[in-house]
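Note that this note's numbering has the sequence shown beginning at 248, numbered continuously upward.
It should be emphasised that the hints constitute simulated quantities derived from the structure, not laboratory data. Fair warning: there could be bad hints in the mix.
[Stated by the list, open to error] Think about it this way: if two alpha-carbon atoms lie no more than 27 Å apart in a straight line, the pair counts; the simulated DSSO-like pairs of lysine-lysine are: (1) K354 to K308; (2) K462 to K382; (3) K353 to K453.
[Claimed, not checked] Label pairs and their calculated CB-CB ranges: (4) H329 to Q440: 31 to 41 Å; (5) Y455 to H335: 26 to 36 Å; (6) E290 to V318: 17 to 27 Å.
If you're wondering where the values come from, they're calculated on a predicted model, not measured in any experiment. All C-beta atoms, glycine included, are put in the ideal place defined by N, C-alpha and C.
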Amino acid sequence: MILSSNIKAVVFDMDGVLFDSERISRMVWIQAGAEYHLADVEEAERCVIGRSFADTCQFLKERYGPTFPAVEFRTRCSQLFHEYTDAHGMPLMPLAKETLLYLFNKKIPLALASSTRRLVVDKELAEADFTHFFKVTVCGDEVEHSKPNPDIYIEACKKLGFNPEDCIAVEDSPNGIRSAYNAGMKAVMIPDQVQPDEKLKTLLYKCYSSLAELKELF
248 MILSSNIKAV VFDMDGVLFD SERISRMVWI QAGAEYHLAD VEEAERCVIG RSFADTCQFL
308 KERYGPTFPA VEFRTRCSQL FHEYTDAHGM PLMPLAKETL LYLFNKKIPL ALASSTRRLV
368 VDKELAEADF THFFKVTVCG DEVEHSKPNP DIYIEACKKL GFNPEDCIAV EDSPNGIRSA
428 YNAGMKAVMI PDQVQPDEKL KTLLYKCYSS LAELKELF
């Protein structure tokens, strides 16, 4: 058991940690990939989990060539994604609200560090009634370099007023784990679409199967 006094704050990723959105993302990438006749689009989508819109577009041009209409393709994915969530709602990850409420009631400062754009983050947090849980939110369009670079987590810790080594980052993706680790944080992984390989496991403070297991740290 780790005493809560050793952990000053918790910083959450959003997609794949609090919202069951990575599954929807995979589905719409496959659909858009078929429209654009892309090979191995599922592997491409796995590579960009946790990255910002701009970085994803850069990756797509590197993968499919400099003439590939990356912004157009990525915009199409976003369109399909929001058509789906507008029709069906944004599903939560199991025990997401209960975990946030538990930490909030324990007076643990909480932050969000999401590669998603501010406009979308604010909308999704509000619709889930999650906004009030977070003292700080930092979004992908507010930092120069997205995950796996550490910028977004460094900024979140700075705004919280704590050193990174005193904070936990809760992530589902390899890019997110590398970002948190490079920021000097305790990186906790709750895998969703991608399981950690042996190399990634060396970066982890903890690896859990569900959000509920975070309680053991407090």
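Taking the earlier hints as the rules, which of them does this structure contradict?
1 and 4
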